[in-house]
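K.L.:
Protein chains in written order, with our numbering: chain A, 195 to 598; chain B, 359 to 646; chain C, 17 to 387.
Derived from the structure by calculation, the hints contain no laboratory data. Careful, some of the hints might be misleading.
Pairs of lysine-lysine residues, derived as BS3-like cross-links and limited to a Cα-Cα distance of at most 30 angstroms, are as follows [to be verified]:
1. C:127 to B:635
2. A:304 to C:127
3. B:517 to C:127
Remember, it's a predicted structure, so these values are computed and weren't measured experimentally.
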Amino acid sequence: MNSVSRSRRRRLSAAAVLGAIALTATACGGGGGSGEGDTVVIGYTGPLSGGGAAYGENVKIGLEMAIDDLNADGVEVDGNPVTLELKSLDDKYAPSTAASNAQRLADQDKAPVVVSPNAGAIKAIQQINSGRSNFLVSAYTSDPAIVQADNPLTMMIPPNFESYAEEFSETAMEHGGKKLALLGTQSEYGQQWTKSIKDAWSEAGGKIGGDNSVDYATVSDFAGPVSKALSEKPDAIFVGGPSQPTALIMEEARKQGFKGSFLVMDQAKLDEMATVTKLDNLKNSVGVLPVSEYEDPGTEDFLKKFAEKAGEKKVPTSETALNYQGIAIIAKAMEAAGTTDDPEKIREAISEALPDVDDKYKVNGFPDEITEQGHLLNPNLEATFLNEDGKYTKVPIEQVSDEK
Amino acid sequence: MTLFIQQLFNGLALGGVYCLAAIGLTLVFGVLRIPNLAHGALYMLGAYITYFFLTTVGVPYIAAIGIAAIMLFIVGVGLERLVFHPLRNSPHTHHMIAAVGAMFFFQALAQAIWGADFRRMDTPITGELRILGAEISAQRIVIIVTAVIVLALLALFIKRSIHGQTIEAIEQDRVGASLVGINPSMVSMLTLGLSALLATIAAGLVAPINLLSPTMGDALNLKVFAIIILGGLGSLPGAIVGGFALAIAETMTATYISSAVGEAVAFIVLVAVLAIKPNGLFTKAVQR
Amino acid sequence: MNAMKNPRIIGTTAVILLLGLTPLAFAQENYAMRVITVGMCAAIAVYGLNIILGFTGQLNLAQGGFFGIGAYGVGLLTTDYDWSFWAAFVVSVIGTAVIGYLCGLIALRTKDEYFAIFTMAIGFIIFLVISRWEPVTHAHSGVNNVKFPEGGGLVDFESPVAMFYLVFAILLICVYTTYAIRRSSVGRTLLTIRTSEDLADAIGVRVGFSKQLAFAASAVFGGVGGGLYATVVGFIGPDAASIDKTFEFLMFILVGGMGTVAGPLLGSMIVTFLFELFQDFQAYRFIVLGPIIVALVIFAPRGIVGYLGGFVDKRSRRRRAEAARGADDDLDSTGASTSGGAGDHRARNLADGIESGAGRTGGTPSSEETK
């Protein structure tokens, strides 16, 4: 083989590859920059690839729907019509990538608001969002640590997850019995839930077996962990992680003869779970209320629009619905503050903007106040119990304070 | 005691899962010395294509697995031609990173086609068996049995058939093999294609007890490497023993110690074994 | 030697100068400063990988784990125990060195593929400990509000530019260390081991001890990079120690050029830049990035520095042929060859090594063939 010509061919190919990269680089670089005229970028950084991609996509759909609707209705700030534009970046669930993304959205796209749907990422973003850079974090996480950080530019959207523990425990105890097995997922959030349920359950006078938490994302076969949890002969089991694996765990438990009740963490949605397993396996469970069971003024239309956008088969979840509401609130706050580029003023104006938000954006338990630390509060929080007949009955939830 | 028997069966089923997933990798890593980190992605792709033929097209379960296996054979050959063949004289590092690149590509591709949502594959094999008070589903029994049969067939293929013998010849003496007229390039293609085909059979059987997602191969990837290294590179009996041993160790420690230890035990066992026997349990006289 | 005229030194210096001047252009761009500074932290860990993989030829897949230990050391000591950054940093680096040395004691008993997978298992165990040992590491909740380095009233490290120069200064030390190792007898010892352990053993090199040192040194660099990373980003989660980090580092070193002085830095910066660039494609970026990675590995197997080095070699060879004089200070003995599987490959490497030992640089047709 003529190795000299071969090495030259290699060099040429390498040069071609490098050249192609450089070309793409310039092509992409040109596309950046802030929008012209009255376009305001709403930033979003979430997991769009990797294990959390489905979750990140659900959030993104809500943001897109809200921005489409708001632009159709027309947003007017300080007398000028404003067009909202969504810019999404993928962080693969990694906090430091999320913070870099947020910084980029704030610096390059001049986004006054960045949405992030995971507690770790939000904590990393809170290191940079009020100081040299200024932007509001629209935080989709139920972890109260986000508001305990006293970050002046945070808006926390969902209810504090600790609110659920007491009512979930009582309901599950009533329909199952006193002995609880813990089989939640091994994520940050799953572990916080496990702890909160543990406390509430003992307070209500129940007994708790060992902690059988497993990482739902890496377990190849759920039979082992389920057998172990059932060996404690529990009357109720705490489960939860993403909807679909949670459904599989419940199915496996029923197959292995479990008759008691389930406490389902809010990350898993009962209606979404019903798409991968029979409803029979899910009965006798307490969990969060499916979006389709809400009776807010805008819910029905929202469901229709969602089906048009995402297909009939896909189940709308609170990730989509609550972020839909969240963007509507932010847009209204911009109008009230009369500015699109001062995040402090926007944050301040949220309180007065809340009552003015159009009814069509009230879809999933609309908040009527925002706490000083930035938590949106919905006065009538409800969860659900899926009974033996496969019907969702509502369970009112009393909200706990965000203080530690 | 019932718990112990139940977990023993669960462990065996998990061992079947690991063995099935490991077989293809043992071939490629053990025989060709290519640490194919994209193996998990091939497994994932196999699962999705099986799912596509089963659910979207509507062919019977076994046929769906068969069609997908053939398609993946072609993907495997393509991977060898486009990625590993140009790197045949490069050190491991290059293969590894190229395989990571291929893995990224396959995952993004699957997400672009099928979306990020979890999917469930239904199987016609239903029902449970009760043995000594323990409950085990028919699908899991199929997994255990298939794992053993496929491994046995593979061993037979390598010992008895011409193609298999060329693989073994390459494994034993690369230079000698090419001297007697074996085309190493053909063998590489055959081996990678075969490994992708085996990964698809594994995925078609295992996917119904879990879920489909673009990252479903990730969780298996690291463990499968641990298994084949534990057994000894290129050793098929080693892969069987390694797979079942690690799975039972995992299930039992998770049951009797804690689930966190259960998750780590595969790697702790690996570290412990290699610290004592640096070449794995079933070391063959491999060329260095 | 004639260092001032050596194109490699000129090139490396130019890259470093250029990097050192970036704050002039981007001081107001927090995003750019952040990405570059985080990239430099990774580059430091990659220099560690360069010692064990690039020089010694051992594929160490625990580097992400050591990076994580450094990061968590600094993170936990400055928050839960309220130490000053500097004390925490020094202790973390020493801690990483000790853990690295101990891991090396067992890991280096294994060879080749076994070593790679063994270190991968070590890295994964480190990750599992960090992500599961909740009472100490806070598991997935992560460590928040990691302290900035104390400036003693002279420097305010909360300023991104000051932070940049801190990391930059430490990076320079790493580059210089790499350069010094390459030129020293230690470096030659390591390169001999890479070429052939048997050969090294035969000529009286203490193979085990040298590998052990190289492994510990690479862990130390990993710890330094991790410790700085913790203070730069302020919040760390278990992903700081994940196996993905290791593969990221591998990608950096491979794109830059293994066993070279400038490679790790160039590779880290270029790949980081590529990843940020393709962010616009969101979830689909890997449909493009995946093949690019594969193409880079196939078409520029010795990395960018190795690739550029090829031109330099050609020129200097020509000049040397004219001068017809031998002795040569070999800065780049052709990046990439680690121990391979096949016998013929091994033999070629040996030949390659002997050739360079006899005073010919890489990029010769015969060495090109093995790459």
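K.L.:
What are the numbers of the hints that this structure violates, sorted from low to high?
P.N.:
2
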